[in-house]
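Chain order of the listed sequences is A and B. By the numbering used here, the letter at position 240 of the first sequence is numbered 240, and the numbering carries on one by one without gaps. By the numbering used here, the letter at position 322 of the second sequence is numbered 747, and the numbering carries on one by one without gaps.
The set of hints was computed from the structure by calculation and includes no laboratory data. One or more hints might be untrue.
[What the hints assert, rightly or not] Some but not every residue of chain B turned toward chain A, in silico, with C-beta under 7 angstroms:
(1) Ser448
(2) Ile466
(3) Ser613
(4) Ala617
(5) Asp621
(6) Ile623
(7) Arg646
(8) Val676
(9) Pro718
(10) Ala722
(11) Ala735
(12) Pro783
[Said to hold, decoys possible] Listing some non-contacts, in silico: residues in chain B with all C-beta distances to chain A over 10 angstroms:
(13) Glu556
(14) Leu566
(15) Pro756
All C-beta atoms, glycine included, are put in the ideal place defined by N, C-alpha and C.
Here is what each chain is made of, one letter per residue.
There are 2 protein chains.
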Amino acid sequence: MNATLLSFGNELLLGRTVDTNTSWLARELAGLGISVVGATIVGDDLASIRDAFVRAAQRADLVLATGGLGPTGDDLTRQGLADACGVALVDDADSLRRMQAFFRRLGRPMADINRVQARLPQRAEALANDEGTAPGIAASLEGAKIFVMPGVPREMRAMFLARVRPRLVRGGNVVLAEMIRCFGTGESVIGAKIADLISAGQAGKGPSVGTTVNDGLIGIRIAAEAPSESAARDAIEPVAETIERRLGDWVLGRGDTTPSSAAAQCLLRANATVVTAESCTGGLLAKMFTDVPGSSAWFLEGEVCYSNAAKIARLGVPAELIESHGAVSEPVCRAMTEGALRTMGGSYALALTGIAGPTGGNPEKPVGLVFVGQGSQSGKSKTALEGGSFNCRVEKYVFPGDRATVRLRAAHTALNLLRLALKHR
Amino acid sequence: MNATLLSFGNELLLGRTVDTNTSWLARELAGLGISVVGATIVGDDLASIRDAFVRAAQRADLVLATGGLGPTGDDLTRQGLADACGVALVDDADSLRRMQAFFRRLGRPMADINRVQARLPQRAEALANDEGTAPGIAASLEGAKIFVMPGVPREMRAMFLARVRPRLVRGGNVVLAEMIRCFGTGESVIGAKIADLISAGQAGKGPSVGTTVNDGLIGIRIAAEAPSESAARDAIEPVAETIERRLGDWVLGRGDTTPSSAAAQCLLRANATVVTAESCTGGLLAKMFTDVPGSSAWFLEGEVCYSNAAKIARLGVPAELIESHGAVSEPVCRAMTEGALRTMGGSYALALTGIAGPTGGNPEKPVGLVFVGQGSQSGKSKTALEGGSFNCRVEKYVFPGDRATVRLRAAHTALNLLRLALKHR
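Pulled out of the complex, with its shape left as it was, chain A reads as follows:
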């Protein structure tokens, strides 16, 4: 079984919105052994929408379309599908009742304009939307199954999982993929270490192995096609273990592991807690820790000491230190790390001070310069708010890229230092 994906919306062709639905659906379909033969973006034009449905249905067994189900006049997907099927749009009473109930739950009146969302092509079937107003549509065209879902990613995902996925017959082979996430070196270094496995995959002598890079995080994808899920897993697992053995400390983990979830796992395993003191990253590091559900078990507190006054008042950084070395310096980062451990407790602390840009750099201290401190309580207490001695270590980096990139790399690097400290403690 193969599939074509259609994304509707001028905002996509004009580049005003990033189409994340295609990648999400492609991943879901890959897991079902359904290969995506094409993904097309179509503008808000009735004839183009109609033609896209017809062409997609001729080309594949399954068409998954997203977008253009909203209540406003530029939402033409319903009419386009009706035109492709050669039928009229009709009111769907069930959908209308569901929408009215949705607005009642929100405590808002339903605008008249929303009524159009309850119209469907004749003989088509509504797919209930648990997360929003617009119902989806299931239809048939040229022997292909058509499913239309809202463009809002949250609504689309919920609808796909609850209403569309169960209807997709599992035919033929299963394609399974595993992902190993790495951090701390470049894609070419990793590529060289596993070049033989990539070649073997290309020659059909093993699972396919490929690398991707995103914001300094390297992903190694290992995919196999087999008659059953367990056969695919048996093909993937030895290769995955070989890669993990070769890459050692660079490996963060499997699947959706991030630098923060990897650090969180190490904290949990060590029954340790962490606090943060951030200047240049401005809360990003704390945000990453607390992205992980259950983070209150290991994350106690974070201080975003953006001003010098905050560094002094909150973390006890000596004002003289800032005066003589500057806020972006090794001694200030060390004082921030120790101050975090002293004032906030926590068995571990991370501290960051740097120049994220775009301005504020100079030849001696360029944009991208970041000091990252990592420290731990020397004593045994997990939350000692007083006490003297800490083990601290400060590293100096110069990260390339714009403000957002520098901040992201700095936060990832801090998380990685913590992970390695916990791993090798």
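Mind docking chain B on chain A? Use the hints.
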């Protein structure tokens, strides 16, 4: 002039990576008056890549391709383009020298595997990469101009702006688009308020007007095609001003305005500063403030008081208050807001406490419940670290969605409360 976009990479077809390059390039091309007639994703297969180049070149005047220029064995774009052009790959000495210099600057040796990145189809031209190793490629095929760029967004964007954009002849009409960003109501309410303008655009009686929604932020796109940039602007501007007048307080601003940049502008205009106290958002709010370059002018400090101990020790929230009402409650949020103003100074403070989920909810306090506090110093001092009286206001919300959505909505809502307080002070 029209264009086709090609994105290469199994990671895209398997959904392991989101293709942000298509939307970015589409937006750039729209600004040049070049319409995108199609965007296709192609897997890492030599024949598919070759065929995709040929078909794209037959279909449009311009082909912009991204991805598959890395050093590893699954990077087949160079060979695929050479095959499509019916030529061989040859070494490009200039590109090799540039790459060696790039690695010298990084202080790392260049791996042998990288040498393949300096190979180009015969008669093609290298496009220097200022941000990474892989050079891009300029070539001709079937009368179309072909430009191949790296898949890494940062490298692609820099290369497009520096090397590709200057070569695209501006032919015919200019398409200009303006975006108005809104927050605080639903897409259908906004759609109803501007339904006449959407209809007029569809009837060709004015610029095209359409709405998009992303994470609760509503975008209104107004686009016009005209012989000159100034003529397009003259068509757009009166409509944009009508929309802004009708939507009033919901309007955040134009272009790339975000809730944080809108709040930042109000702070700058009022010569005011802000501090934050975050529980459920865990640093996200501070991160959003400091996303904005120059934020040290208005953002002083943020406290991520994730544990109850931190709320008590750092912000002076009375322990009894937490015991009797729970950490997620109106009185605790009020005490956090006042504590932030008292201990961190700042003319304004925002405080958040809530249940982001996925667990921790109960019938009385469900997942998604968030209290948002907004306060200001009653006195005149901008940074009074002591002092008694504050103006505080706490609002209660129940946000739908998963952990990330709840946190995002909560932070956006806090930023919006601050913006409105500053606007109407």
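Verification of the supplied hints:
no.	hint	verdict
1	Ser448	holds, 4 angstroms
2	Ile466	holds, 5 angstroms
3	Ser613	holds, 5 angstroms
4	Ala617	holds, 5 angstroms
5	Asp621	violated, 10 angstroms
6	Ile623	holds, 4 angstroms
7	Arg646	holds, 6 angstroms
8	Val676	violated, 17 angstroms
9	Pro718	holds, 6 angstroms
10	Ala722	violated, 10 angstroms
11	Ala735	holds, 4 angstroms
12	Pro783	holds, 6 angstroms
13	Glu556	violated, 7 angstroms
14	Leu566	holds, 21 angstroms
15	Pro756	holds, 20 angstroms
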